[in-house]
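Just so you know, the sequences run in chain order A and B.
Each residue of the first sequence is one higher than the one before, starting from 1 at the first, in the numbering used here.
Each residue of the second sequence is one higher than the one before, starting from 1001 at the first, in the numbering used here.
Where hints are given, some of them may not hold.
[What the hints assert, rightly or not] Once the Cα atoms are required to be at most 30 Å apart in a straight line, the calculated DSSO-like pairs of lysine-lysine come out as:
{"#": "1", "chain 1": "A", "residue 1": "Lys82", "chain 2": "A", "residue 2": "Lys72"}
{"#": "2", "chain 1": "B", "residue 1": "Lys1320", "chain 2": "A", "residue 2": "Lys9"}
{"#": "3", "chain 1": "B", "residue 1": "Lys1209", "chain 2": "A", "residue 2": "Lys40"}
{"#": "4", "chain 1": "B", "residue 1": "Lys1257", "chain 2": "A", "residue 2": "Lys9"}
{"#": "5", "chain 1": "B", "residue 1": "Lys1064", "chain 2": "A", "residue 2": "Lys40"}
{"#": "6", "chain 1": "B", "residue 1": "Lys1449", "chain 2": "A", "residue 2": "Lys40"}
{"#": "7", "chain 1": "A", "residue 1": "Lys34", "chain 2": "B", "residue 2": "Lys1251"}
{"#": "8", "chain 1": "B", "residue 1": "Lys1251", "chain 2": "A", "residue 2": "Lys40"}
{"#": "9", "chain 1": "A", "residue 1": "Lys34", "chain 2": "B", "residue 2": "Lys1064"}
[Claimed, not checked] Between beta-carbon pairs, the in silico distance windows are:
{"#": "10", "chain 1": "A", "residue 1": "Glu44", "chain 2": "B", "residue 2": "Ile1454", "range": "47 to 53 Å"}
{"#": "11", "chain 1": "A", "residue 1": "Thr43", "chain 2": "B", "residue 2": "Val1253", "range": "20 to 26 Å"}
{"#": "12", "chain 1": "A", "residue 1": "Glu44", "chain 2": "B", "residue 2": "Val1277", "range": "51 to 57 Å"}
{"#": "13", "chain 1": "B", "residue 1": "Val1461", "chain 2": "A", "residue 2": "Phe92", "range": "56 to 62 Å"}
{"#": "14", "chain 1": "A", "residue 1": "Asn95", "chain 2": "B", "residue 2": "Lys1251", "range": "49 to 55 Å"}
[Unchecked claim] Computed from the model, here is a short list of chain B residues facing chain A with C-beta under 7 Å:
{"#": "15", "residue": "Leu1259"}
{"#": "16", "residue": "Ala1261"}
{"#": "17", "residue": "Pro1262"}
{"#": "18", "residue": "Val1353"}
{"#": "19", "residue": "Cys1366"}
{"#": "20", "residue": "Thr1367"}
Note that these hints are calculated values from the structure, not bench results.
No residue lacks a Cβ here, since even glycine has one placed at the ideal position from N, Cα and C.
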Amino acid sequence: MKIVMAIIKPFKLEEVRDALTAIGVHGLTVTEVKGYGRQKGHTEIYRGAEYAVSFLPKIKIEVAVASDQVDKTIDAITSAAKTGQIGDGKIFVINLDHAVRIRTGEADAAAL
Amino acid sequence: MTFKRPYSAGLAALAVGLFAATAAYAEPTVNKGDNAWMLTSTVLVLLMTIPGLALFYGGLVRSKNMLSVLMQVFYCVCIVVVLYALYGYSLAFTGGSDFIGGFSKAFLMGVTTDSKAATFSVDANISELVYICFQMTFAAITPALIVGAFAERMKFAAVALFVPLWVTLIYLPIAHMVWYWPGPDLITDAAKALAAAADGAAKTAAQAKLDEINADAGWIFKKGALDFAGGTVVHINAGIAGLVGALLIGKRVGYGKELMAPHSLTMSMIGASLLWVGWFGFNAGSNLEASGGAALAMTNSFVATAAAALAWMFAEWIVKGHPSVLGALSGAVAGLVAVTPAAGFAGPMGAIVLGLVVGVVCLFFCTVVKNALGYDDSLDVFGVHCVGGIVGALGTGILVNPALGGTGVMDYVAGKIADYDFVAQMTSQFWGVCTTLVWSGIGSAILFKVVDVIVGLRVNVETEREGLDVTEHTERAYNM
Chain A
1 MKIVMAIIKP
11 FKLEEVRDAL
21 TAIGVHGLTV
31 TEVKGYGRQK
41 GHTEIYRGAE
51 YAVSFLPKIK
61 IEVAVASDQV
71 DKTIDAITSA
81 AKTGQIGDGK
91 IFVINLDHAV
101 RIRTGEADAA
111 AL
Chain B
1001 MTFKRPYSAG
1011 LAALAVGLFA
1021 ATAAYAEPTV
1031 NKGDNAWMLT
1041 STVLVLLMTI
1051 PGLALFYGGL
1061 VRSKNMLSVL
1071 MQVFYCVCIV
1081 VVLYALYGYS
1091 LAFTGGSDFI
1101 GGFSKAFLMG
1111 VTTDSKAATF
1121 SVDANISELV
1131 YICFQMTFAA
1141 ITPALIVGAF
1151 AERMKFAAVA
1161 LFVPLWVTLI
1171 YLPIAHMVWY
1181 WPGPDLITDA
1191 AKALAAAADG
1201 AAKTAAQAKL
1211 DEINADAGWI
1221 FKKGALDFAG
1231 GTVVHINAGI
1241 AGLVGALLIG
1251 KRVGYGKELM
1261 APHSLTMSMI
1271 GASLLWVGWF
1281 GFNAGSNLEA
1291 SGGAALAMTN
1301 SFVATAAAAL
1311 AWMFAEWIVK
1321 GHPSVLGALS
1331 GAVAGLVAVT
1341 PAAGFAGPMG
1351 AIVLGLVVGV
1361 VCLFFCTVVK
1371 NALGYDDSLD
1381 VFGVHCVGGI
1391 VGALGTGILV
1401 NPALGGTGVM
1411 DYVAGKIADY
1421 DFVAQMTSQF
1431 WGVCTTLVWS
1441 GIGSAILFKV
1451 VDVIVGLRVN
1461 VETEREGLDV
1471 TEHTERAYNM
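Just chain B, with the same shape it has in the complex:
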């Protein structure tokens, strides 16, 4: 789901041949294998959220709040799927401005079974409908990640109102800014036309056309920030929103004094494992084609995750004296978060290093920093997703370097891998990180305040003591 993907070593030669030969370009085709892989990936990403994330989070809360977490996650999926079809896809993935798309595909207007969406290779499209569904699942998991930050004390009505507002005003603009671009077909066609242009006037016109096409992209995209599968859009975005929510809603009653141990680490183990399995759809699916790039993203998602789980576990063993199950699971999730932006750009050895680093950094944030600052981010959405996302985003800028085993960045105009420039790439990555932090941080704070005024964010103390399951949903998770 990123851009500037290296797609074929032979492209430059191919492009040169085509430039000379003809000005008429073939209509891109849809490959059934790519389509099949994207259908599969879409379902895998849904599996990440339900039941993966729901069980991972659910196991970490007290049993009296189990259903409230399951319900909030399930609600996120359902509400976002509907609003994504109504207007979400259009706002994220049509042209308009640098910051948000338009309404030209609202209600999926004009999208048919013959509609095509660009991938990262010239002349390799996928069905637009599967692209819509794939993107829909990303929009669904992002707010579901946030609910972990204020778990065990947020009113369901507040969640019900906050999630659609947040997706509309925070998620969709960020997705547009990071991922919206014209696609390789239009760019290479325009580049070919420029190369074929004979005289000065034709060259000027062709250059203007190419510039116009390149200008039709999201703001962060144009800054050159790399985000393969959503490190900024999904994880930093959700992580900072979670921190803001945890700070605004306040600590749980009894926080730091009463036992708030996870009620079932067995559930969390099942959930974290399903997250890992589903994440192959998230990362390898973000390649948009069933190609070697997808295989690279899969490889990185294996090794970075395992390395991060080991790093967290051994660091905890050394510092605290015991290797914990929750530590290993948290490390694995941190590794998945960090490798998300890097999955298609880093080499496998780079991914292992990234995993080792993020496992220790997130452990530090979830224990030392959180305890020092005293905020109650119930399930460490900030410590794992935002911090892990930032480590991944910056790590991607380093590990994409071909000298470190990375793939390099594709320049579709030149038709070759661009020269790696550390300072320029890291500057681009900082733009992506900082824009997301500011947009989501400030925007989420405003939305939480608005929701607080309309329905109130927090349940009362008696409700919180009793647990949200019985009071908010009139059900119990376990009747034993």
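Isolated chain A, as found in the complex:
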């Protein structure tokens, strides 16, 4: 099992969700985050006071999938979240040792 973690542009969330649902992924955790990468930041101006905003708002999604689903999941997220501009985000894949569904006590693959 793997956790696929993706940092994406906030307005791409709905498209990514639709793409994941289409390949049979039925669970997703979403967090509002801030950060920077190659996009750096932007400038905000309030009555002449200029502020360099170096942390941009992004969405972090985390989805737990079986190991053989990882490539499909990455493809779905990449195609849905891509605009071709700097700032589209990144995907990280992390090993997942164990999973439990709290309601039933089912474990691992059955819990996903």
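With chain A fixed as given, assemble chain B onto it according to the hints.
Frame of chain A, contents of chain B only:
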């Protein structure tokens, strides 16, 4: 709330008729329509401050200081309302000296539901109690404007002490100097008596009586400075006090280095819009009668404000490349400030020009000048209110000219519009501006020092980092 208002084209003829006919003059009457309008205007001016100004300012600070701003503004209203009834009205609006009134109406002594206050028309009075309440709301908003200059770092105890001291020693004298006058009824009665006087001795006596009545007025009033609704008394007065406060208390921790973006321009939009709505009470209410003069002040308050918002927005668009919401809101407030002294004197086309000018001038002061000088006037009280107030005060001296569509200045003794004299009028306006700058600038500096010695002006660095809401008031604006 100014003086020498043109009130009726037929006055001269009317006065001539009365001069000849009789020496007994009718007791002025209170018109219910005027009273109703003044009751409404009073509530509108309160709306400007709470929640208008409170939300406008509150939205501009960081969320950790939201409540401190709301609290300081709300406190200003409450403390000033009480002290105004106790002695403020008496010190501002009774005779005494050229610089401050007396205590003859302290505790509102002698003021009843039958008491009358003069307007700008002969024989058209309003209830004195509504006049007191109307003036009270002006005294309340003025210190509330100042708190924007030192927002996010002033101790509440310092605000609590500074505001009543400032209103007593700075605001009330300026209000007396600018607005206290004997009223049209006394002046025209004395002028009629002078005209009716037959021989030399009677004429001398009548002239002496008229001079005595005219002498019973505030110092700036007697200089001939025009201030329809409080450009000097409210805006220049508060603006310079704010600058002095910002300089004395110092910059916010992290100023120029950390992000100090407004936490909710949505709140500021609501607040600025409520300011505009309430300002119709401020400006059109300052006509004191529900007449054509009030309608003119309303018209000017519409067009000057809109023009100033557009001027700021387009200038910013051209110079910075983007039209900003805060720019448009700031422009609107600058326009309202500038049209305040001119509201009842300028023509609508003059008011539009005034708005266009003040929008660009205030933008320049709030961006270029402020950044160049490096002072931290948190919410641009000086750049908008003092600078806008000065533009308005001087603009009023120009735009009152009937040749430019203005109303001209009423001469109640002659019973007609006086001839316009540019140099004389601008000299008068300068007197008003400079007196206010000096009195409020120096006086406020002394008061800030006194408060600093007694309770200390500024919170410590940890408190400032944490935010004033939790540390000073043990509350949070948003629990989410």
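Q: May I ask which of the numbered hints given earlier this structure violates, with the numbers listed in increasing order?
A: 3, 6, 10, 12, 13, 18
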